[in-house]
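So the sequences go chain by chain: P and E.
Adding 482 to a residue's 1-based position in the first sequence gives its number in the working numbering.
If you count the second sequence from 1, position 199 lands on 186 in the working numbering, and the numbers rise without skipping.
Source of the hints: derived by calculation from the structure; they are not laboratory data.
You may find that some hints are simply not true.
Subject to a maximum C-alpha distance of 25 angstroms in a straight line, what follows is the list of computed BS3-like cross-link-like pairs (lysine-lysine) [unchecked claim]: (1) LYS65/E x LYS544/P; (2) LYS155/E x LYS540/P; (3) LYS65/E x LYS19/E.
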Amino acid sequence: MSIFDFFTRKRSAPVARERLQVLLAHERALTGRTDLAAVLQEEILAVIAKHIAIDRDKVNVKLDRSAQVSTLEIDIEMPQSMVKAS
Amino acid sequence: MSKVMVVTSGKGGVGKTTTSASLGAALAQAGKSVVVVDFDVGLRNLDLVLGAERRVVFDLVNVVQGDAKLAQALIKDKRLDTLSLLAASQTRDKDALTEEGVKTVIEELREKFDWVICDSPAGIEKGAMLAMRHADLAVVVTNPEVSSVRDSDRIIGMLDSKTVRAEKGETFEKHLMLTRFNPARAAKGEMLGVDDVLEILAIPLLGIVPESPDVLNASNLGCPVTLHNPASTAARAYADAARRLLGETVEITAPALEKPSLFGRLFGRKAVA
Chain P
483 MSIFDFFTRK RSAPVARERL QVLLAHERAL TGRTDLAAVL QEEILAVIAK
533 HIAIDRDKVN VKLDRSAQVS TLEIDIEMPQ SMVKAS
Chain E
-12 MSKVMVVTSG KGGVGKTTTS ASLGAALAQA GKSVVVVDFD VGLRNLDLVL
38 GAERRVVFDL VNVVQGDAKL AQALIKDKRL DTLSLLAASQ TRDKDALTEE
88 GVKTVIEELR EKFDWVICDS PAGIEKGAML AMRHADLAVV VTNPEVSSVR
138 DSDRIIGMLD SKTVRAEKGE TFEKHLMLTR FNPARAAKGE MLGVDDVLEI
188 LAIPLLGIVP ESPDVLNASN LGCPVTLHNP ASTAARAYAD AARRLLGETV
238 EITAPALEKP SLFGRLFGRK AVA
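All chains should be modelled from the sequences, with the hints used to inform the complete structure.
Below you can see the structure in the form of C-alpha cells.
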C-alpha cells in the first residue's frame, strides 16, 4: 500500500453496512411469513389465468429491493390470438 | 462438455462462498457460461457476495419443488453476462431439497451452462451431500490450519465414496484450493506450509490465495475480487486457478513475502498483500 493508495482508496465497509441494513430489514420482516413476492406472483397469475391461458415459461419476474422502495416487475407474454379473443 | 463442480470443505468459514464466486467470475471472464448454485439452504450468502441480494425472487428450493421454472430463478450478473446465480432459500430448511429434485435441476443446468458450480454448505450433512452428489469434480477449500485440514480430509473421503461418480466406480477429480494463506507466518513456522498441507491431503493443488484485504473489500462491495481488483494477488490466484480448470498449464507461485512499504514502515503498519 503506497501513500497514494491510502488517500484515493474508497472505503468498502460503509457500502457493506448499507447493503446489510437494507437486506436485513427485508429478511427480518419476512421471518415467519411466506415470501410476499411469491404470494403476489401466484395471486396475480391466478387472476390473469381466468382470462387467458398463461404459458409459465413466458412469465418473467424481477424484483429490486431498496431501502425506501422495492419494485416487483411481472412480465407476462400474451399471445396475440388471446388478446384479440378477450 | 459441461462440468459440474462442487466447492466444499467440511469446515465453515474457510472461504467456500468466496471461492465459488471468484472461480465462477473468473471462468465467466474467460468466456465460459457459468452458473453458481448456493446449496446453503437457510443460510444463503452467495447472493450477498455476488451483490445480487436485492434481486432474489425465486431460489433452488422453489425450482426443486416446482413452484418456479428454472429460467425464472436464474439471476444474471449485471457486470458479467456469462455469469448467473441460483440462490438458496433463506426461509426454508435443508430438508426442502430432495435428491431427485436436485438431480433434475443439475441436469437442466448442465444443458444450459459450460460450468455449474455448487457452493456447498459447511458440515457433512444433507446439504453438503446433495451439493457434491452429482458433481464431476471438486474444489476442496482448505486453510493452513489443523481443524480445516482434518475436515478437508474427511470431505475428500466422502467425495470418493458418496458421489454418484464414485458409486459407479469412477475416479473422482479433486483439487485443493489453499485459502487465507499468510506467507509471513508460514515462513516463521507459525502456520502450516503449502507442502505440509499437500503432503497430508495428497490431492493436486489448484491454487494458493493469500489472506488479503482485497477479498474482504470485494465481499463488502458484493463484487467478486477478480472483477473488483483483477491485479490483486488474490484475484490473480483465482484467475490462474480458473485457467488450470480449463486445462491450461499455469505454474503455481507461492505468494511471496512482501516487504512493508515506506508508508507502512513510517507508521508501523504492516502492508499485507
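Problem - Structure-inconsistent hints, enumerated in ascending order - result: 2
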